[in-house]
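Listed here are the chains, written in short residue letters.
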Amino acid sequence: MKKAKEVIFHSVMIFLAILWIYPYFWMFLTSFKLPEEMFTRFWPTRLTLEHYNFIFHMSKKLQRPFVRAFLNSVFISTIVTFSVIITAAIIAYPLAKLRIKGRNAVFNFIIFQMLFPGFMFIIPLFVLVKNLGLLNTYRAMILPYLMSAWAVFMMIQSYKSIPKDYIEAAKIDGANVLWIIFKVMVPLARGTVAIVGLFTFNGIWDNFMWPLIVVKDYNKMPLSVLLATFNHEYASYVGPLLAGAVLQTIPMVLIFVIFRKHFLQGISMSFK
Amino acid sequence: MTLRKRESLTGWGITSTYLAYMAVFWGYPFVWMFILAFTKWRFFGSPKFYGFRNFIRVFRDPMFWTVFTNTLTFMMYFLPMVLTGAMIFALAVKRMKYLKTFVTLSFLVAYISSGVAYSIVFMNIFSDVGPINHFLYKHFGITIPWLTSPQLAMLTIALMVTWKFIGYYGLILYSGLQAIPKSLYEAAELDGANNWIKFWKITVPLINPAIVTVLVLSINLSFGIFTEPYMITGGGPMNKTMTFMMYMYETAFQRIRPSYATAFAIVTALINYGLIIVVRKAVEREVSVV
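For the record, the sequence lines run as chains A and B.
Quick note on this note's numbering: the first sequence kicks off at 1 and runs consecutively.
Quick note on this note's numbering: the second sequence kicks off at 1001 and runs consecutively.
Zero decoy hints are in this set.
The calculated lysine-lysine pairs, modelled on DSS-like cross-linking and capped at a C-alpha distance of 30 Å, are:
hint: 1; chain 1: A; residue 1: Lys5; chain 2: B; residue 2: Lys1198
hint: 2; chain 1: B; residue 1: Lys1100; chain 2: A; residue 2: Lys2
hint: 3; chain 1: B; residue 1: Lys1048; chain 2: A; residue 2: Lys130
hint: 4; chain 1: B; residue 1: Lys1094; chain 2: A; residue 2: Lys5
hint: 5; chain 1: A; residue 1: Lys101; chain 2: B; residue 2: Lys1005
hint: 6; chain 1: A; residue 1: Lys2; chain 2: B; residue 2: Lys1094
hint: 7; chain 1: A; residue 1: Lys2; chain 2: B; residue 2: Lys1198
hint: 8; chain 1: A; residue 1: Lys171; chain 2: B; residue 2: Lys1005
hint: 9; chain 1: B; residue 1: Lys1182; chain 2: A; residue 2: Lys3
Honestly, the hints are just simulated from the structure, not real lab data.
Predicted, not measured: the structure shown is a model, and the values here were computed from it.
Looking at chain A on its own, in the form it has when it is part of the complex (with noise of 0.2 Å):
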């Protein structure tokens, strides 16, 4: 009676997961279907390329270039999380660790930028990049996200955890600070580089509402701002729509897979 009761709760847990993970299935499938049967069969009779022959061909020919949005947003993705990471990490270092004057003030000022959603910087960030005359270069995307209050306040409680033994000993081996911070707090502190990362490089893939608002080039548009402009035009291609949309997803639900583990840790600790 009670091994029926877990066999049908396991079932259903299965069931209700597999139906989560549709979706990504129908989409994928769909992808490779021909344009007769996407919405008239589940399984498909045969296959085919022509999706995505369109997106890595054709679409230049219509001024779509899908390929080089790919890479615009591989491009931009990567430098904002280098760039986070790396200066999140040395940030930190002296206002986790050094005695210094004013920096509660500082820390202060951090959790206050936090305070502020994201939405309220749009417009006034856009006089900013208006003003400096980058609208519709990739510095747009770019350096507004160079460094994250978000980022250091992360590494600031993970340095704080690190004893102060393991600094002491490298200074007596008359190490300099960038040595201290990338061969001793970062080795220890590496799951919270992770997880700053992951978040940063997802967040950025995925940006859509900035993108969309500074640049107006097609050429140096991100993935995910040429997908939306080719849905709001080319809406009755389901087919190439997809096959973009997959394009878009593989690379987060690869980097997801592969660093799964600090996701989950991750988000246990952002609700500490």
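Starting from the known structure of chain A, fit chain B onto it as the hints suggest.
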């Protein structure tokens, strides 16, 4: 130079880089936010002082109230669905003995879906000829206008967002559950408590911090929704899915009224804060396990 002095010098050398960067990319926009909100300006010429008139106009704007009602509607669907769903998910995962990782990852993979991509997918899944209506028509002979009916469109968007966030919020609750000592349940069982009593008297009070976190996150999310309506409905049908962010975006960058849109954004943020303070006051409790 003493060691202390050198430490302070390197420390400030590093910290000032951060402050310099933030002066440009945070301080400058921060000041402009107020300049915009209290002036009349359309990206060209010099801003004209406008006092509180932008703010007064926000409350006189019928679209503001439409957007306000829409967001309340969204929260009325979304909060109960996602909170109950996440709670059931957390309890179920805790009970599972096999395939726990598979189930957790399936729900979490929804959370890391890209906003634009999953909007395209759901737009087609919920479309008139999409698989859901296909299924309903085949078995029940009906189709549901998920995204084209003014009454249903917001519910459909709430369903999508719930799909995305149940795993994430569920795990936050789950890590709360993990912290409850087993002995409490055993003691309650000795006193003859059933599952229902145990849930309401032990589980819910003890994971209060996690519940508050989930509530705060989901309220913030409700005020920040943009990609889904932008991609799927464009704010329609009949403005029923127009959200705060959609309206801010359109006002600032399509109707070119950045000062009004900034005042609008500030009012939005204040409502958002106000609601969170109210919810915290109503829900938050001191938790202590004696």
